[in-house]
Every structure is written in C-alpha cells, then in structure tokens.
Amino acid sequence: MNPVAGATHMPVMAPNLLVGLPPVAAHHMIHGVAPVAIPPAPPAEVTGSPNNTLYIRNLNEKIKRDELKKSLYAVFVQFGQILDIITSRTLKMRGQAFVVFDDVNSATTALRAMQSFPLYEKPMRIEFAKGDSDIIAKRKGTYVARPKALTNSDTCLMDIRPNHTLYVNNLNDKVKKADLRKALYYLFGQHGRLLDIIAMKTMKMRGQAFIIYQDVQSATTALRSLQGFNLFQRPMRIAYAKRDSTQIVQLKGVSAEVQKRREEEREKRKRRKVAQRLAAAAAAAQAATQAANGPAGTGDALNLLDQPNHILFVTNLPEETTDAMLTMLFSQFSGFKEARRAPGGVWFVEYESAEQAAAARSAYEGFKLTPTHAMQISFAKK
1 MNPVAGATHM PVMAPNLLVG LPPVAAHHMI HGVAPVAIPP APPAEVTGSP
51 NNTLYIRNLN EKIKRDELKK SLYAVFVQFG QILDIITSRT LKMRGQAFVV
101 FDDVNSATTA LRAMQSFPLY EKPMRIEFAK GDSDIIAKRK GTYVARPKAL
151 TNSDTCLMDI RPNHTLYVNN LNDKVKKADL RKALYYLFGQ HGRLLDIIAM
201 KTMKMRGQAF IIYQDVQSAT TALRSLQGFN LFQRPMRIAY AKRDSTQIVQ
251 LKGVSAEVQK RREEEREKRK RRKVAQRLAA AAAAAQAATQ AANGPAGTGD
301 ALNLLDQPNH ILFVTNLPEE TTDAMLTMLF SQFSGFKEAR RAPGGVWFVE
351 YESAEQAAAA RSAYEGFKLT PTHAMQISFA KK
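First residue of the sequence shown: 1, per full-length UniProt numbering; consecutive thereafter.
Any given hint could turn out to be false.
[As the list claims (entries may be wrong)] Taking lysine-lysine and the PhoX-like style, the derived pairs with C-alpha atoms no more than 20 Å apart in a straight line are:
hint, residue 1, residue 2
1, K62, K337
2, K174, K201
3, K92, K122
4, K92, K62
5, K174, K204
6, K122, K64
7, K337, K381
8, K201, K176
9, K140, K130
10, K64, K337
11, K204, K176
12, K260, K270
13, K204, K242
14, K64, K92
15, K382, K337
16, K182, K270
[Stated by the list, open to error] Computed beta-carbon distance windows for the label pairs:
hint, residue 1, residue 2, range
17, S353, G141, 52 to 58 Å
18, G366, G335, 19 to 25 Å
19, N58, K268, 44 to 50 Å
20, E265, A380, 34 to 40 Å
21, F348, T372, 18 to 24 Å
If you're looking for bench data, these hints aren't it; they were derived computationally from the structure. All residues carry an ideal CB built from backbone N, CA and C; glycine is no exception.
Go ahead and model the full structure; you've got the sequences and the hints to work with.
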C-alpha cells in the first residue's frame, strides 16, 4: 500500500526520486539556463488560484514515464519539499503531470522560475492545478477516501508494530552492493536521520535490505512515501522489521550520545578527505594552466585551454554522486552517451558532438546539487 495520496485524476503515487537530492538554490541561480527563442511567461499570465499543486503540460510524450518522473523531481526539488509527482501514459493525460509541493510558496516560486523551461527539448507550460491533490486534501481534512482492496503487503504491514527499522525487498539483485547502498541512502535519507543501511549479496539476503532510522516517525514517513517506488526498474516492497536492530537496542540502552559523537567524527573525516582531494585537483589544474600560459598568461591563452570538446569535465560534486544521478541530469540533452567517474572524485560526461556538450554545459554550469556543491563544468582537454 502506498499511503501517499495521488492527484485527483489517478491512484496514489509515491514521489519518484533516485537519490533524493536535497533542496538547492532556485532556478535563477543555474548559470546559463535560458530557453532559446522561447519567451518565458510573465507573472501576469499565471492562471488559477495559488495552491500546493502545479499542473504541467507540453511534456515530451516519447519519454518513459519513470524517466520523466525522475527528471521532474530533479528540476523541481530545488524549490522546496515535494510530496508527490503524478504522471500517466493514458491518452487523456499524455504529456501532462502534477507536482505536489509541501507549501504554496514553494509551488509559486517553482512556477515562476520554471515557466517555459525546456525539458527534453520541449518548453514546459505550468499553471496552478484547479483543485487540491489527495495528499493536500487529507491535510486539510477535505479528502473523501475511495474504496480500495487490501493487498497482501497491507495485511502483513498491519501485523507488525512500527519501529525504527524498515525491511525492504524486491530489490534488483543485479545492482552492485555499493551502488544499491548509495541509492537507498539518497532515497531514504530525505525522510530522516539514518543510522545504517544493511544490504548483503548472500543467497539468502539477495534483493533485500534493512534501513535503520534514529526515530520511528522517520521510518513511518519513509514507508508511506516510498512504498511501491520503482528503484532500478523494480517496485520496492517495504514493511517494518519484526524486531529492533542491534544499533537501536544499543541506543535505547546507554550509548545515544556516544553514537552521535562517533558519527560526527566520521563525517568530519569524510569532509577532510574531500577537501584534500579538491585542493590537490585545484593545485594540479593551476600548475597545468601556468605551464601552458607562462608567468604572464593572457585571457586568449586561457580560452585555448577551454576549446569546445564533446567531453565535459565535471567537478565539485557530492562524494555520494553516482553514474545514475549524473545520467539522469545530462541525458536530457540530445547526443548524451555516458557519464563516468574518474579517480579523484571528478567526472567525465560524453556527448556525440561538441555542440551538444556545449548546450549541456551552458545549462548546468553552477547547478547546485546541494547547498554547498555547485557543479563546475569545463571542456575536457583534447
């Protein structure tokens, strides 16, 4: 069962997120993003009464539904918390979607910033939805439930008391353990503080994982929001674990403060390592520039180092970034071939032509994946 309500036109859908990118800067901070030859709609043309739900049309009908939901999440999450994204491939709803925000201000900001933004080479047409989505109607107390048969998963869920640990099955067992853990962390981390993610590749535990939260409320929110969510092309089945994890037993005993200090120390060590790698990369880049330009390098010489290329060099990304996350962003532009990681925490994104690479660079230079990580993009050296 997915308790997160959908829009009036279709069944309940969970917000579709690959990694759970944190809220980032508004669209006007994305350097170079300006729809070509498509005049943005002025505020005066906004129709409908402001509410939490945006109605979006003129979407590319050729894009797969799951891919479209992921892309919509990636471009709208920067404006505020998203409760739901609703799409449908029915004839009536083709090329349309609903994005449900937690508050009206976020929806209003997103509408004004993203009006006519080219998604998959088609400018989005955005307006406020005519009515509240089911999830907002529930919050206001105006929701009228529709009869719905209980599934086996729902019946099983009611038999287990809520606790800190979620049991997740039906995961894609062909995905590498490290990639699976990263994806689960991005997905579940948006709902609360995680203590651990347990995923094993043994025959008995293949396709399964345990997600351990610090508090029960976060676990409950995640279960309701992500039940049935398609991760690596398979819908997750989520239930409360039958018993508390070892970590929770320890925390309930004596060591909550000790555990917190240990986690903070681990985070500090991770940040120091990232800073050292970035400093080394910056020093190497500066040395290469000075060697090419001489002591008195000129602007012309610098431009020669940044000649157009079909391969982009991307830096300043969060440590947990995966191939799938960058692919989701950069595949919106024609000619995309692949995104691959290189030693030192840097990435290469390849297109079929330099012109296509330049378009992607212009759109995403300075795009903030987190409040402290704005992408830095240049052409790879030939």
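For each hint, the structure was consulted:
Taking the CA atoms of K62 and K337, the gap is near 18 Å; set against the 20 Å cutoff, the hint holds. For the given pair, K174 sits about 10 Å from K201 by alpha-carbon distance, which is consistent with the 20 Å threshold. A threshold of 20 Å between alpha carbons decides the hint, and for K92 with K122 the separation of about 19 Å falls inside it, so the pair holds. Only pairs whose Cα atoms come within 20 Å are accepted, and K92 paired with K62 is accepted, the gap being roughly 15 Å.
At roughly 15 Å between alpha-carbon atoms, K174 and K204 fall within 20 Å of each other, so this suggested pair holds. Proximity of K122 to K64 is assessed by CA-CA distance (about 15 Å); at most 20 Å being required, the pair is judged to hold. With a C-alpha separation of about 18 Å, the suggested pairing of K337 with K381 holds against the 20 Å cut-off. Between K201 and K176 the CA atoms are separated by roughly 9 Å; this keeps the pair inside 20 Å, and the hint holds.
Pair hint K140 plus K130 holds up; C-alpha atoms about 16 Å apart against a cutoff of 20 Å. Annotation: proposed proximity of K64 to K337 holds, straight-line Cα distance about 18 Å (limit 20 Å). For the suggested pair K204 and K176, the alpha carbons sit about 16 Å apart, so the restraint of at most 20 Å is met. Annotation: proposed proximity of K260 to K270 holds, straight-line Cα distance about 15 Å (limit 20 Å).
For a cut-off of 20 Å, the pair hint linking K204 to K242 stands: about 17 Å separates their Cα positions. Only pairs whose Cα atoms come within 20 Å are accepted, and K64 paired with K92 is accepted, the gap being roughly 16 Å. Annotation: proposed proximity of K382 to K337 holds, straight-line Cα distance about 18 Å (limit 20 Å). The straight-line distance between the Cα atoms of K182 and K270 is roughly 15 Å, inside the 20 Å bound, and the hint therefore holds.
In this structure the supplied range 52 to 58 Å holds for S353 paired with G141, their Cβ-Cβ distance being about 55 Å. Checking the proposed 19 to 25 Å range against G366 and G335 shows it holds: the Cβ atoms sit about 22 Å from each other. Restraint check, N58 to K268: a C-beta distance of roughly 47 Å satisfies the suggested window 44 to 50 Å. For the pair E265 and A380, the supplied restraint of 34 to 40 Å holds, since their beta-carbon distance comes to about 37 Å.
Between F348 and T372 the CB atoms are about 23 Å apart, so this pair conforms to the stated range of 18 to 24 Å.
Violated hints are absent here; each numbered hint is respected by the structure.
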